[in-house]
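**Student:** Read off the chains here:
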Amino acid sequence: MRWVAADVEMFQKAAEYVDTVIVPLLPVSFDAEMKQHASMAEFTGLLTTQLEKQFRGRIFLFPGFVYMKDEVDSLIALNHWENTLLEKQFHHIFYVTSDSSWRQREKDLKGNVLWIPSLSLDQMQDEQKRTIVEEQVKQLLPLFIELWNEK
Amino acid sequence: MSKHRVSRRQFLSYTLTGVGGFMAAGMLMPMVRFAVDPVLKGEDTGDFIATPLKTTDINTEPQKVNFKFKQKDAWYESEETGTAWVFKNEAGEIVALSPVCKHLGCIVDWGTDKEHPEQFFCPCHYGRYEKDGTNVPGTPPLAPLDVYPTKEKDGFLYVGKAEPRKGA
Chain D
1 MRWVAADVEM FQKAAEYVDT VIVPLLPVSF DAEMKQHASM AEFTGLLTTQ LEKQFRGRIF
61 LFPGFVYMKD EVDSLIALNH WENTLLEKQF HHIFYVTSDS SWRQREKDLK GNVLWIPSLS
121 LDQMQDEQKR TIVEEQVKQL LPLFIELWNE K
Chain Z
1 MSKHRVSRRQ FLSYTLTGVG GFMAAGMLMP MVRFAVDPVL KGEDTGDFIA TPLKTTDINT
61 EPQKVNFKFK QKDAWYESEE TGTAWVFKNE AGEIVALSPV CKHLGCIVDW GTDKEHPEQF
121 FCPCHYGRYE KDGTNVPGTP PLAPLDVYPT KEKDGFLYVG KAEPRKGA
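Those protein sequences? They're chains D and Z, same order as listed. In terms of the UniProt record's numbering, the first sequence opens at residue 1 and continues consecutively. In terms of the UniProt record's numbering, the second sequence opens at residue 1 and continues consecutively.
Only chain Z is shown next, with the shape it has when bound in the complex:
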C-alpha cells in the first residue's frame, strides 16, 4: 500500500476545490460564450444566396446573373430578384459586382456604350466604370460599384450582401 496517506482535512479540501471548480465553470462558461458570441456569428454563412451560375462557367467576360431572395418591407414579404455582374479578374479570382449605379441608382450594363466597349455604362447620366468596378473620373458616379462577397458551394456561385468600396 502507498505510504502517502490522505488525511481527512486534505480529502475534504480536494473535494471542495473540485466541486467549487465545476460550479465556477458552470457559471463562467455561458458568460464567456455570450462575450465572444459576435465572433462565432461571423462564421455563420446563412446570409449567402445561391445563384444558378456554375463557377466553371465564369470567364473573363462579365455576365449577368439573377438570383432570388426574400425581402421584408414592413408587413409585406416579397421575393425580389437581385442581379450581379460576374467575371474572373486577371488573378483568376471571381468578382461579383452590383449593377446599381452609385450616382442615383439606375442599372448599369456592360459594354453598351459604343465608344467604351470594355466598361460598365449607366444609360441615365452616362456614368462609366472600369471592368473592376472603379468609377471613371469625370463621369457622374463618385464611388466604385458595390462588390458582393462570393463563395463556391457544390459547384455553384453564392453571393452575400453587396458591400461598398472606397472611391477612386
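Here chain D stands alone, though its shape is the one from the complex:
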C-alpha cells in the first residue's frame, strides 16, 4: 500500500494483515553531490515502488524520509519515526537507501537498512531502467519472505 487516500482506506480495513513498512531514506544537498543525491532519490523511488507492487497487501510504503545530508540530527528524527511505527502494529521496518552513511548507523536502528548502491538512470532507455530495477527487486524479494517466515 502506498501513501495515498485510497490505500490508507484499504489499510484501515485490513490493518492486521499489514505488519511491514518500507521507508525510503533520501538525502538532499546543494553542493557537488546534488546531482548524485537526486539520482539516488530517483532510483530509490523506482525500486520501492516496484517492491510495493509485489507485496502490496503486506507492506506499507511510506513517503520518503528526507533529510539534509549535513544534518546531524537525522538519526534522532528517524528514531522517532521508528518508535511511532513500532508502537502501531508494525513489526518489521525496512529502510531503503543509497546513502552509505546509514550502514554505520544501522546498529542504532531497530529496522533493517537495505543499502543499494544507486545507478544513474538518467542516461538509460526506459526498457533498460525497467529491467535493471526488476532484477534488483527480484533479489530483494527473498529477504522479505525469509523475515516473514521466521515467525
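Wrong hints could be hidden among the right ones.
As the list claims (entries may be wrong) - Straight line, CA to CA, 25 Å or less: simulated BS3-like cross-link-like pairs of lysine-lysine: (1) Z:Lys64 to D:Lys53; (2) D:Lys88 to D:Lys107; (3) D:Lys138 to Z:Lys70; (4) Z:Lys131 to D:Lys129.
What the hints contain is simulated information worked out from the structure, not anything from laboratory work.
Based on the hints, put chain Z in the right spot on chain D.
**Tutor:** Frame of chain D; chain Z shown alone:
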C-alpha cells in the same frame, strides 16, 4: 403498348410515397444506428493488448508473460507492465490468469510453496489458488483469480481486461 395506363393521380401518389419513404428512411436510419450502437461496439477488439507470447509456445505448465499498456492517471500517462499466467487447461483451451491476489493485491507466483507445488501461492499471507485460479478454502483469499479474455492474432496471444469470477 400496355393496356395498363397510369393516371396522373396514381403517378403522383407513387412518386410521393417513394420520396416520402426515402425521407423517412433518412431520418430513421441514424436513430436506429444510435439505438443499437452498444451492440456494434461489442465487436470492437481495440481493447486487446498484444503479448510477446506465441500461442504455439503455450503448454500445460503456467508461464509468466509480461505485456505493456498505457495507463492514464489524471494528467500523467505512463506505460505500465501487466503480467498474466498463461497455460492450456485439460480441454486444450488457453487460460490467462491475473497474478494479483484477491486478498490484498500482492503478486502470486506459481509453485513457490514447497508443500503445494501445483498451486499458485501468495507470499504475503500464504494464500493459495488451484491451477484453474480457484481459491483454496481456508486460505485468506475469498475469490478466484481474475481471468483475462484471450484471443489469437497472427500467432500471438492477445489479452483483454481482466474480469473477476464468482467465488468458490
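**Student:** Next step is simple, just say for each hint if it's right about the structure.
**Tutor:** Taking the hints in turn, this is what the structure says about them:
Simply put, Z:Lys64 and D:Lys53 have alpha-carbon atoms about 16 Å apart, close enough for the 25 Å limit, and the pair holds. A C-alpha spacing of about 22 Å is found between D:Lys88 and D:Lys107, which places the hinted pair at or below 25 Å, so the restraint holds. For the proposed pair D:Lys138 and Z:Lys70, the alpha carbon gap of about 24 Å is at most 25 Å, so the pair holds. The hinted pair formed by Z:Lys131 and D:Lys129 fails the criterion: a straight-line CA distance of about 33 Å is larger than 25 Å.
Hint 4 from the list above is the single one not met by this structure.
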